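Q: Here are the chains, one letter per residue:
2 protein chains.
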Amino acid sequence: MSDYRAPLRDIQFVLEHIVGLPELCQVDEFAHADPEMVAGVLEENGRFMADLVGPLNVVGDQVGSVLNADGSVTTPDGFADAYQRYVEAGWGGVPFSEAHGGGGFPWLVGVAMQEIMCSASMAFSLCPLLTQGAIDALVHHGSEEQRELYLGRMINGEWSGTMNLTEPDAGSDVGALRAKAVPAEDGSYLISGTKIFITYGDHDMADNIIHLVLARTPDAPPGTRGISCFIVPKFVLDESGEPGEPNDVHVVSLEHKLGIHGSPTCVLSFGENTEGAVGYLIGEENAGMRYMFTMMNNARLSVGLQGLSLSERAYQAALEYAQERRQGRAPGAPKGESSAIIDHADVRRMLMTQRAYIEAMRALCYLNAAAMDRSRVLPDEAERQANAELAELLIPLSKGWCTDIGNEMTSLAVQVHGGMGYIEETGVAQHFRDVRIAAIYEGTNGIQAADLVGRKLPMRGGGVVFDHIARMRALDTELGQHDELTSIRDSLTVAIDQFETATRWIMDHGVEDPRNALAGSSPYLRLAGQVTAGWLMAQQVLAATRLLVDGDDEFLQAKVVTGRFFVEQLLPQAAGLVPAITAGYEDLFSLSASALAG
Amino acid sequence: MSDYRAPLRDIQFVLEHIVGLPELCQVDEFAHADPEMVAGVLEENGRFMADLVGPLNVVGDQVGSVLNADGSVTTPDGFADAYQRYVEAGWGGVPFSEAHGGGGFPWLVGVAMQEIMCSASMAFSLCPLLTQGAIDALVHHGSEEQRELYLGRMINGEWSGTMNLTEPDAGSDVGALRAKAVPAEDGSYLISGTKIFITYGDHDMADNIIHLVLARTPDAPPGTRGISCFIVPKFVLDESGEPGEPNDVHVVSLEHKLGIHGSPTCVLSFGENTEGAVGYLIGEENAGMRYMFTMMNNARLSVGLQGLSLSERAYQAALEYAQERRQGRAPGAPKGESSAIIDHADVRRMLMTQRAYIEAMRALCYLNAAAMDRSRVLPDEAERQANAELAELLIPLSKGWCTDIGNEMTSLAVQVHGGMGYIEETGVAQHFRDVRIAAIYEGTNGIQAADLVGRKLPMRGGGVVFDHIARMRALDTELGQHDELTSIRDSLTVAIDQFETATRWIMDHGVEDPRNALAGSSPYLRLAGQVTAGWLMAQQVLAATRLLVDGDDEFLQAKVVTGRFFVEQLLPQAAGLVPAITAGYEDLFSLSASALAG
Chain Z
0 MSDYRAPLRD IQFVLEHIVG LPELCQVDEF AHADPEMVAG VLEENGRFMA
50 DLVGPLNVVG DQVGSVLNAD GSVTTPDGFA DAYQRYVEAG WGGVPFSEAH
100 GGGGFPWLVG VAMQEIMCSA SMAFSLCPLL TQGAIDALVH HGSEEQRELY
150 LGRMINGEWS GTMNLTEPDA GSDVGALRAK AVPAEDGSYL ISGTKIFITY
200 GDHDMADNII HLVLARTPDA PPGTRGISCF IVPKFVLDES GEPGEPNDVH
250 VVSLEHKLGI HGSPTCVLSF GENTEGAVGY LIGEENAGMR YMFTMMNNAR
300 LSVGLQGLSL SERAYQAALE YAQERRQGRA PGAPKGESSA IIDHADVRRM
350 LMTQRAYIEA MRALCYLNAA AMDRSRVLPD EAERQANAEL AELLIPLSKG
400 WCTDIGNEMT SLAVQVHGGM GYIEETGVAQ HFRDVRIAAI YEGTNGIQAA
450 DLVGRKLPMR GGGVVFDHIA RMRALDTELG QHDELTSIRD SLTVAIDQFE
500 TATRWIMDHG VEDPRNALAG SSPYLRLAGQ VTAGWLMAQQ VLAATRLLVD
550 GDDEFLQAKV VTGRFFVEQL LPQAAGLVPA ITAGYEDLFS LSASALAG
Chain B
0 MSDYRAPLRD IQFVLEHIVG LPELCQVDEF AHADPEMVAG VLEENGRFMA
50 DLVGPLNVVG DQVGSVLNAD GSVTTPDGFA DAYQRYVEAG WGGVPFSEAH
100 GGGGFPWLVG VAMQEIMCSA SMAFSLCPLL TQGAIDALVH HGSEEQRELY
150 LGRMINGEWS GTMNLTEPDA GSDVGALRAK AVPAEDGSYL ISGTKIFITY
200 GDHDMADNII HLVLARTPDA PPGTRGISCF IVPKFVLDES GEPGEPNDVH
250 VVSLEHKLGI HGSPTCVLSF GENTEGAVGY LIGEENAGMR YMFTMMNNAR
300 LSVGLQGLSL SERAYQAALE YAQERRQGRA PGAPKGESSA IIDHADVRRM
350 LMTQRAYIEA MRALCYLNAA AMDRSRVLPD EAERQANAEL AELLIPLSKG
400 WCTDIGNEMT SLAVQVHGGM GYIEETGVAQ HFRDVRIAAI YEGTNGIQAA
450 DLVGRKLPMR GGGVVFDHIA RMRALDTELG QHDELTSIRD SLTVAIDQFE
500 TATRWIMDHG VEDPRNALAG SSPYLRLAGQ VTAGWLMAQQ VLAATRLLVD
550 GDDEFLQAKV VTGRFFVEQL LPQAAGLVPA ITAGYEDLFS LSASALAG
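These protein sequence lines are chains Z and B, in that order.
Counting from 0, one number per residue, gives the positions in the first sequence under numbering that gives the first Met the number 0.
Counting from 0, one number per residue, gives the positions in the second sequence under numbering that gives the first Met the number 0.
So that you can see chain Z by itself, here it is in the shape it has in the complex (with noise of 0.2 Å):
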């Protein structure tokens, strides 16, 4: 079993070099944060998910979190502990306001805070990224007094948070969702129905759970338009501000998954026994459609997130094992001497794969997140809405190419291990199995494909993705400075090309029947991603070469390395794709269901 530890250089590499930590910290707001301070706060809180979280990850998955006969839930041993620790040292506040009692700092620190703890353990991970939605909501939609009352226990961790709005008819199509929300007398709301897939929806961990429930009040019009988003608090506040009276929710049962067996993932009853469960509205009526879109960019960042997590954290697991491994002789070694498979070419294949798939997927969610960020703070207003429009841009690439990548990579980090990766007490089969809800939830891939080519594309008439395509040819001028990148250089035009065509393609084909862009959406996010990626690991080889111009640097020159390895052979394979993005619908719909079924 091999141990997880925090790869603190590249996340150091890529917040100072690749996305701007420093110019952000000399922003107002984040004027009390420096670099060197972040550097810091980084590096204790890697110590602390390697050391008190990272443990917990095999029994959580071993032991799974467990529904007792009274109802509640019971975390696999340990994650209490550790989460009680986690609220006293304070993370989960970092990337909070300080007006609300958090650390203030960039929500680019955040999340790579959020890459390290999902890497030590995803399941234990969720709870706090369930409750940083929650927060989020709050933030931007409850009123003054809400506010006061959750968010301070919510910042700090002693409170948990959950998302209800998965119902069984009512997935990807959340406008088709039923439960209900009966005005009071005193101005609250009796919550009725049935939640499915609520992540953490009960636990042992936090003194409340704090959860915000989309449901419909009785004159709601259909669909998306008609529904209203609601706090229903575990306990319901006392007088005091403390956790009172048990409220009407309950835990009917927990699924049985592939994997973050340490999340229990609730099927929630609201108002089973009473009129309703105890509900306050947040902000108006019929608008909570439009509050889950504010937390939605963030949440899936964090998602994407977890592409990258369990791709490093099964990387380090793989790398360490081929080190270990002695098997067969590699050509050139000495007669007679078994080598480290790292030894043998297709091992390395593999291990620069993850390696450079994953330096790509930490450029790609940290400079995500800087755009968050910077769309928030920078004083001027067009650089704020270029940042916003990035942002948007990227999220669908983080969220659908991150988490497609991290499923191919752990299943290549199982394949290193041979036959023991099929063993689940050498662990890396968890990580494969776990990263596998990620490309399904917070919007499957299909919806961010979706999202992509229907919303996205379309923003300012293209001008968005056409200013994205501009700043990657920019790098050009740099990197023609460089003889000894013309290979680099030339492979990147290619793949920004290709991306060109197949972006005009969709627009202009979906134009004239929407089922063109959407036939080929899943494709066409794959080259974005890809292109994107390659952009800024192009962007890594040039930065790292500058660096070293100062001396010697192992670090700095495996950056070159990984860098080329994939520009040159991991970015063109997106190439093959745009035969499949220009194709338009006919083909896929030409087959009956009996026909397709043979």
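None of these hints come from the bench; they were simulated from the model.
Treat the numbers as computed from the prediction; the structure is a model and nothing was measured.
It is possible that part of the hints are untrue.
Stated by the list, open to error - Here are the simulated distance ranges between beta carbons:
#	chain 1	residue 1	chain 2	residue 2	range
1	B	Ala183	Z	Ala332	34 to 42 Å
2	Z	Ser593	B	Pro34	20 to 28 Å
3	B	Asp69	Z	Asn272	45 to 53 Å
4	B	Ser71	Z	Asp552	53 to 61 Å
What the hints assert, rightly or not - What the simulated footprint calls covered on chain B by chain Z, stretch by stretch (three residues with Cβ under 8 Å from a Cβ of chain Z suffice, anywhere in the stretch; the number is not a length):
#	region
5	255-265
6	408-415
No residue lacks a Cβ here, since even glycine has one placed at the ideal position from N, Cα and C.
Chain Z is fixed; fit chain B onto it per the hints.
A: Chain B alone, transformed into the frame defined by chain Z:
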């Protein structure tokens, strides 16, 4: 939970129109078989597997095989009964020679039956599969007496077989094995040592288990040249040839695996309580490795089939779910109605991708089997030789490409299910877990890639692979006769050109340094599989087009569409692999292990 239905129409189509079953049946050896009879056998087999074995797949996963306190293994409820019925029906013997009590059908027919059995339950199918391997070894290398004693009851399935190769330090590197075989006075050998990953190493389904064990005699040379192969029966046969005294073979433990829980994967200890377990030498001392090569092609093809089988099973589940599940409104659907998700373009793409790859895998594996049959039974020596070469070339593609694709297609089937795919009760996640071993065992896919570039390309100085390229190019003439197939023709030509370029690069640069060939071997295997599959799909389009002249047939019309979809939209994805294939080894080896760790 979706039922399994054998895809008889497509199986029959490939047998009759793509891989030449009718011509094969005209050979003397198979004169008693004809395509109609084969169709009948497969129909009955399909019914048997769907009705009796398919329903056991879930309990096999949930309960798994269990090691009892007395060291015996109990298989999941229903496995032993179904196996008994399997023996009574005589399914195991169908593809074996009548001289040994088999049905005398082509191996090709046995392979079609294997596909069906593995779709029904991969975990169940492994018992007959391992038995087949042991039979193979005895047929080719056993003495007259050994064949007489063991073969009949192994072919009818009363006794099962196992293959004992792997040891803790000898996996991919079989030559490192250390199990001992000391000659006894009576001509038998005393076998001692520990073997791991022994599939169905013990169980309660058969009256005896015939272990084939690789071990070293006292004066054996080191490495693969010093390995001998022994028969070690669970119950030593008494004078009348019946199972008698228990041998000194013990199950130390069962592995806790990612999938195929129904199949007991044993650590076996030989000779723990005595001087050694009783073993009987097969053939000559030190020839064991050569004997293993005899069985290797069959075994690797069977594992390739597992990629096909579980893709088919998972696809059936996904297709059913996509028709039942309603979410959102597809473009063009009536307002206010939710659409079945099969009407969403991206879900269609996932389903079409699965279907197209399944058809391609089936054609590839069946062609491989047919070539193996023809290499054995054709009257003309040159034709036998040509088919033997083709079979050798295709083996790493069947094994490596189909199992990689199997991982991807079962993952797509999970994705079609959305959140339900992650819930174990839905059943589709099991196929995703089960199939994951297939890319690992029987030679990891990295080993397959090394075999392809290191052993198969050099055959006849490249003559075999260039013959294959010429054979693929020859389809161009027929494609050229159909105007509507121009795009297929063009796409296939481009892909074959790329494959030829990549092949020449590997052959030229592999001579300079074998690491150049090995470095690109995995993407090269992928390219080789994809191009060969594209050629086979184009053949299917042509065959369907010919047959459609007579009228209207939904199945044949669908063939044209899936074939075109594959060649136009999936085949081009291989193009992007060429840069990785032709990059050489240097970047792969330029980072130290510590640099790889960042």
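Q: Hints first: check each against the structure and report whether it holds.
A: We went through each hint and held it up to the structure:
1. Ala183(B) / Ala332(Z): 34 to 42 Å: Distance hint for alanine 183(B), alanine 332(Z) holds at roughly 38 Å.
2. Ser593(Z) / Pro34(B): 20 to 28 Å: holds (25 Å)
3. Asp69(B) / Asn272(Z): 45 to 53 Å: Taking Cβ atoms as reference, aspartate 69(B) and asparagine 272(Z) lie about 50 Å apart, which means the hint holds.
4. Ser71(B) / Asp552(Z): 53 to 61 Å: holds (60 Å)
5. 255-265: holds (count 4)
6. 408-415: holds (count 3)
Comparing the model with each numbered hint stated earlier shows that all of them hold.
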